[in-house]
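Using the sequences and the hints given, assemble the complete structure.
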Amino acid sequence: MPAFTSPPNVQQFQSLVWDLVRRIPRGRVATYGQIALMLPPPPGVDVEAYRAFGPRWVGGAMANCPDDVPWQRVINSKGEISPRPGAGRQRELLEEEGVLFNEKDRVDLKKFGWTGSDEEPKQPSLF
DNA sequence: GTTGTGACATCGC
DNA sequence: CGCGATGCCACAA
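The working numbering numbers the first residue of the first sequence as 288 and each following residue consecutively.
Simulated from the structure, these hints should not be mistaken for lab results. Incorrect hints may appear among the rest.
[What the hints assert, rightly or not] If you anchor each label on the Cβ, the simulated ranges turn out as follows: (1) Phe340 <-> Ser404: 21 to 29 Å; (2) Val297 <-> Asp395: 28 to 36 Å; (3) Pro372 <-> Ser302: 19 to 27 Å.
[Said to hold, decoys possible] Heads up, simulated EDC-like pairs for lysine to aspartate or glutamate below, C-alpha to C-alpha not over 20 Å straight-line: (4) Lys365 <-> Asp395; (5) Lys397 <-> Glu367; (6) Lys365 <-> Glu390.
Glycine is no exception: its CB is placed at the ideal position from the N, C-alpha and C atoms.
Right under this line is the structure:
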């Protein structure tokens, strides 16, 4: 039995976060808020409280995420990589996957933003 | 038991 | 579009 039988707490939330992050296709990025909204709020937690600190729980889960979780595809709402040791490495990994950064070190969520579907990235027709 | 901080989001200017 | 301020939960010291 998976560790999902654990009592309703943040621990299970982390498992859900990791599972969802694993579902992020290559060359696609998701924001903490997006993941927080996609995941169901833990029982006993107010929706407002979840909205306020849901994304932060996701970040906390990423801090302890296993090595088999593409944490690199998780970025903040600004489409930027949060300042943390290894941020440069994350950018390298994303570029390797095809995710391009702007001159402001930001990613176009409109192109690489993961909508939760398995569809492939849209072709840049803005040019 | 208290204090401080965190891999964020949202609103206002 | 960028910057500042606010909100709120869990964990570590």
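Now for the hints, and whether the structure bears them out:
Taking 21 to 29 Å as the suggested C-beta distance range, the pair Phe340 and Ser404 conforms, at roughly 27 Å. Taking 28 to 36 Å as the suggested C-beta distance range, the pair Val297 and Asp395 conforms, at roughly 32 Å. Separation of Pro372 from Ser302 is about 25 Å and conforms to the stated range, judged on CB atoms against 19 to 27 Å. A hinted pair counts as satisfied when its Cα atoms are at most 20 Å apart, and Lys365 with Asp395 qualifies at roughly 9 Å.
With a C-alpha separation of about 13 Å, the suggested pair Lys397 and Glu367 falls inside the 20 Å cut-off, and the hint holds. With a C-alpha separation of about 14 Å, the suggested pairing of Lys365 with Glu390 holds against the 20 Å cut-off.
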